[in-house]
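One line per chain: the protein sequences are A and B, in this order. According to the working numbering, the stretch in the first sequence is residues 7 to 121, in order. According to the working numbering, the stretch in the second sequence is residues 30 to 141, in order.
What the hints contain is simulated information worked out from the structure, not anything from laboratory work. Keep in mind that a hint or two might mislead.
[As the list claims (entries may be wrong)] To spell it out: a stretch of chain B is covered by chain A in this simulated footprint if at least three of its residues, at any positions, have a beta carbon under 8 Å from a beta carbon of chain A; those stretches are:
#, region
1, 65-74
2, 88-96
[As the list claims (entries may be wrong)] What the simulated footprint calls covered on chain A by chain B, stretch by stretch (three residues with Cβ under 8 Å from a Cβ of chain B suffice, anywhere in the stretch; the number is not a length):
#, region
3, 48-56
4, 109-121
These figures come from a predicted structure and were not determined experimentally. For glycine and all other residues, C-beta sits at the position ideal for the given N, C-alpha and C.
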Amino acid sequence: DSGVTQTPKHLITATGQRVTLRCSPRSGDLSVYWYQQSLDQGLQFLIQYYNGEERAKGNILERFSAQQFPDLHSELNLSSLELGDSALYFCASSVAGSGIDNEQFFGPGTRLTVL
Amino acid sequence: GESVGLHLPTLSVQEGDNSIINCAYSNSASDYFIWYKQESGKGPQFIIDIRSNMDKRQGQRVTVLLNKTVKHLSLQIAATQPGDSAVYFCAESNTGRRALTFGSGTRLQVQP
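In isolation and in its complexed conformation, chain A is listed as follows (with noise of 0.2 Å):
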């Protein structure tokens, strides 16, 4: 167990429709990082939260979203649904938002499918 939680651990929805996705970091960890892991492309960056602020994008599209409370979840936000958003979406935490050593603990993952 790393320490790291995410809710729900599946999904399943309709094209179109929205869905929001939690993570909860390990304890002490200030960062958070979001991806994406599809049949086609592996595991993707999408963005990253360091102390509430957004830190890093990656291959983040405009339909998503993030945010980092101040208790330090976070939260991905996916709209406008299409049927290639079906993945597994993985949350991560460090301890700091930059910097050598810096391991990542990574999530069970949410497993998203879109009908």
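Following the hints, put chain B in place on chain A, whose structure we already have.
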């Protein structure tokens, strides 16, 4: 959280043998490299990391080798066990950008 059905290269080894999993990276600016293991139903799990100022690092039953000249990373697992069966990913980043760029992964199958 299992690895979605990626068409991954597969390495099949006998229990007790040593395994070597290879990874090529492309970003010359990367200075930090990590190997992750992903078992079926779980998220990636940290195995071992290495900085770019090193060419070898050893852990418990695992060794990571880094060749910066050819941008190549390898993970060696000694005395491979059935519990080592999983998908293994290499990942890279640099000091200024902690987000990880993942390789495509290798599936390790350990035959009893």
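Going down the list of hints, with the structure as the test:
{"no.": "1", "hint": "65-74", "in the structure": "holds (count 6)"}
{"no.": "2", "hint": "88-96", "in the structure": "violated (count 0)"}
{"no.": "3", "hint": "48-56", "in the structure": "holds (count 5)"}
{"no.": "4", "hint": "109-121", "in the structure": "holds (count 8)"}
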